[in-house]
Amino acid sequence: MSESTQVKYTRKDFTSDQAVRWCPGCGDYSILTQTQKVFPDLGRKKEEFVFISGIGCSSRFPYYMHTYGFHSIHGRAPAIASGVKISRPDLSVWLVTGDGDGLSIGGNHTIHLLRRNIDLNVMLFNNRIYGLTKGQYSPTSEVGKVTKSTPLGSLDEPFNPLTLALGAGATFIARTIDKESKHMQEMITESYNHKGTSFLEIYQNCNIFNDGAFSNFTDRDTKSDTVLWLKDGEPMVFGADGNKGIRLDGNIPTVVELGDKWNKDDLLVHNKKDYMIASMLSNMTSKPDTPEPIGVLYAVDAPTYEDNIASQISSAVKNKPKSSIQDIINSGDTWVVK
Amino acid sequence: MSISKKQVDEVVIRFAGDSGDGMQLTGGRFTETTAVVGNDLSTLPDFPAEIRAPAGSLAGVSAFQIKFSSKDIHTPGDVPDVLVAMNPAALKVHQSDVPPGGTIICNSAAFNPRNLKLAGYDSNPLEDKTLDDYFTVYSIDMSRMVSEACKDLDLSPKLVDRSKNFYALGLLFWMYDRPLKSTEDWLAKKFAKKPEIIESNVRALNAGYNYGETTEIFTTRYTVDKANLPPGKYRNVVGNYALSMGLAAAAERSKLELFLGSYPITPASDILHTLSAWKHLGIKTFQAEDEIAGITSALGAAFSGSLAITTTSGPGIALKGEAMGLAVITELPLVVINVQRGGPSTGLPTKTEQSDLMQAMYGRNGEAPMPILASSTPGDCFYVAYEACRIAVKYMTPVMLLTDGYLANGSEPWIVPDIKELPPIDVKFADKSNIVDGQFMPYLRNKDTLARPWAKPGTENLEHRIGGIEKEDVTGNVNYDPENHHFMVKTRALKVQNIANELPPTDVFGEKSGDLLILSWGGTQGACRSATEALVNDGKKVSHIHLRWINPLPNDLGGLLIKFKHVLIPEINLGQLIKIIRAEYLIDAIGLNKVKGKPISSAEIQDNVKKILEK
Ligand SMILES: Cc1ncc(C[n+]2csc(CCOP(=O)(O)OP(=O)(O)O)c2C)c(N)n1
Ligand code: SF4
Ligand SMILES: [Mg+2]
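Quick mapping for you: the protein sequence lines, in order, are chains A and B.
In terms of this note's numbering, the first sequence is residues 1 to 338.
In terms of this note's numbering, the second sequence is residues 1001 to 1615.
Rather than coming from a laboratory, the hints here were simulated on the basis of the structure.
Check before you lean on any hint, since a few could be wrong.
The list that follows gives simulated cross-link-like pairs (lysine-lysine, PhoX-like), each with its CA atoms no further than 20 Å apart [to be verified]:
no.: 1; chain 1: B; residue 1: 1233; chain 2: A; residue 2: 338
no.: 2; chain 1: A; residue 1: 320; chain 2: B; residue 2: 1233
no.: 3; chain 1: A; residue 1: 322; chain 2: B; residue 2: 1456
no.: 4; chain 1: A; residue 1: 46; chain 2: B; residue 2: 1456
no.: 5; chain 1: B; residue 1: 1279; chain 2: A; residue 2: 318
no.: 6; chain 1: A; residue 1: 320; chain 2: B; residue 2: 1279
no.: 7; chain 1: B; residue 1: 1432; chain 2: A; residue 2: 46
no.: 8; chain 1: B; residue 1: 1279; chain 2: A; residue 2: 45
no.: 9; chain 1: B; residue 1: 1181; chain 2: A; residue 2: 322
no.: 10; chain 1: A; residue 1: 45; chain 2: A; residue 2: 195
no.: 11; chain 1: B; residue 1: 1432; chain 2: A; residue 2: 338
no.: 12; chain 1: A; residue 1: 338; chain 2: B; residue 2: 1071
no.: 13; chain 1: A; residue 1: 322; chain 2: B; residue 2: 1420
no.: 14; chain 1: B; residue 1: 1456; chain 2: A; residue 2: 45
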């Protein structure tokens, strides 16, 4: 990471001159806004940011950021971004993808990116639908989803992106929601601060093809009972008056009412370094009896792939200093013809 | 009976045995020694497709052919003068290639009932005399001789028996009058930690040599004089290794960091292996999760300012198609290397073929032209790799480099180049001077090359976005305008075509007009050149042109082709270059097409030419 810059940026500095072309009301707008709002505060030179994306509505994102950007082909952004970061560890690399782009056609690249722990930041816009191709079901759509390609309802179980990421060896998984601007800004900053691959799932409303997919978690009337805001080191409390919590019943997370029977001391305390808790939380995704965990589920330190490459190279150079390809060309059994 | 010495111009030896018999290693040692002795040479390894085919089976036979000569030669030879067959399966597979009068040397110990049955022999060919009418057969119990030689060593009989390939090697060294020293030195280095293994192999080597010297079975030894090669310092080089050196040389001369994104596949993997071992040169290699990630990671590295390479074989190229299109439209420098093998699908992974030319030309969606060049010999792989890198960064374009299994694993003596004498690769990254009215213009082109500027992320004020959607000329913004699209399609094509303007005049071997021109590309170069030499000696009006560049074709080619009554194009495919030549120049070229997983022979080409000329 380069030392912090003296230049003071504003949101405008991160706004490109290209007209934004998402449908009016699309959740992508908010994500763009929050990103443009927090980037000036990350304390890094603007020219060091690179946005890489695949294909989808979400993947248009780089065109609107006034940074270096590469809008690539469907599903391959993780591999392109890996090449960028491995060749240039000095850059801050961001990867924007969708539920189809990152988990269907690009699922293989996503899991390999995570296991390698390359230091880049994944923003997965999950609208549980294929937006750009006009509304087919996606690998995160719920079973029974009726779309043009599944007129009688989809049959396959969805992926749970955070569980998948954790299983692939992610060192940072978090979730936020398009409508929660402040929280999203925090999550973007936390992603940036994590060294290693950070995997941020963003619940994003596609108001054209899957409107209301997350309304349960965003509607004023319901959200306090349906969302569990995660805070590291604090008991898992939720509900309108903070009157509910998560308690482990054996190994099963269970909702309890705080009051006569249970108090805060009985609740599970979030620890973002605890794999078991992260695993439990990620499995609480969209279950009928538990609230939706939102926030940083898991964050641990681990060596990054590009650092390991760099150290292999530097020790090889140390062992054979000043060598060049000419030495290799000259080596082996040689003879002279006069 | 005394042993006579006979001087010959050229010899072809084929070592064949079970995969476990160490034939590649034996061939490799014979090659190194032959190189140092000063002969010209050319080699052709022939690997079995199965890694662990059952011992003694036909599928498990591995072979290595070397031709060496006191003359300048171009191919590893059509037919072997000597076949070394370490077991019945090896004899079965290769005997039909040995011409009448040829020599066959066998390890009789391996001709036991089990192996004979596996090879499909009803009776032992070494005993039933079926071979003796046609060949000079030496049946030697190599296994017993080696065990005799090593009997006082503290090694299991199984390990001792593994040295029998060195026995065969020693015998061949004696027959062709080559020194043992370089092999002994090599063994000492290779097995430095296992002195008993050095000892058993050295004893086997000497036992083989002495067998020739002391028994009176062999009546003749052969000598092959030094070849009259152009002066210089030489080494022997294998194609994939030469190619790796060419890439590294390009990195050094361009002062760019080399990035290889690759996924293992035969016969390209050795490039990945070689470059991965050169970390001390600062080379970054990335074994990706698949070929798509191989090329796209490389493209990411290209975007970031590295000299980006991806290596694979035909099936991998099929997977890389979409990403090559992305490289075409984003106009990033990238070298895509296809070490061709037999297809379609998995095809013949260990055999050679030239059947991916159409894939290289047209295997992408949309109008997506890529410069294509091909290597002609193992040593040439160095120069084409360097050239591919030079063109990629100069014109800001992906470049396709074609080699094949025969070139990749074959070897030849090679003049050690001084990389300072190679053409320069000057890379100038974009800077403030590329800013127009306060805006960086990523598609504002160089007027001569039509290359767009290469702006490295991290450079102040050059923030810009590229991508796979059609670009507006100059600004690079997303643009759907029909006129702009038509213009950009034509511009990308013109940029590739413009490369022809810097190609040297086409080299014609022989007269510039005549009865027949042999036109070749890729690995058939040697056979075509040998055939032309023989035909010219025979008084035929035949010439040869070999193409390094297939896209674009040289500007002067059309004018040369029409000076010949016939144009013959030998290819290891069903006719791919010929389609391009016919389409481009409207001439009635004739194809010579064999797709057998092995090089076309010079003899086949000569026969074909003679038939055409007789008509
Ligand atoms: C190789 C390839 N296959 C298919 C497509 C068509 N396609 C474009 S985007 C897309 C799905 C996008 O869904 P998602 O990643 O969820 O993005 P969203 O539009 O929802 O943001 C598909 C199938 C394509 N562009 N390329
Ligand atoms: S289709 Fe959906 S995801 Fe795409 S821009 Fe419109 S609202 Fe947004
Ligand atoms: Mg989607």
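Hints numbered earlier in the text: which of these fail when held up against the supplied structure? 2, 3, 8, 9 and 11
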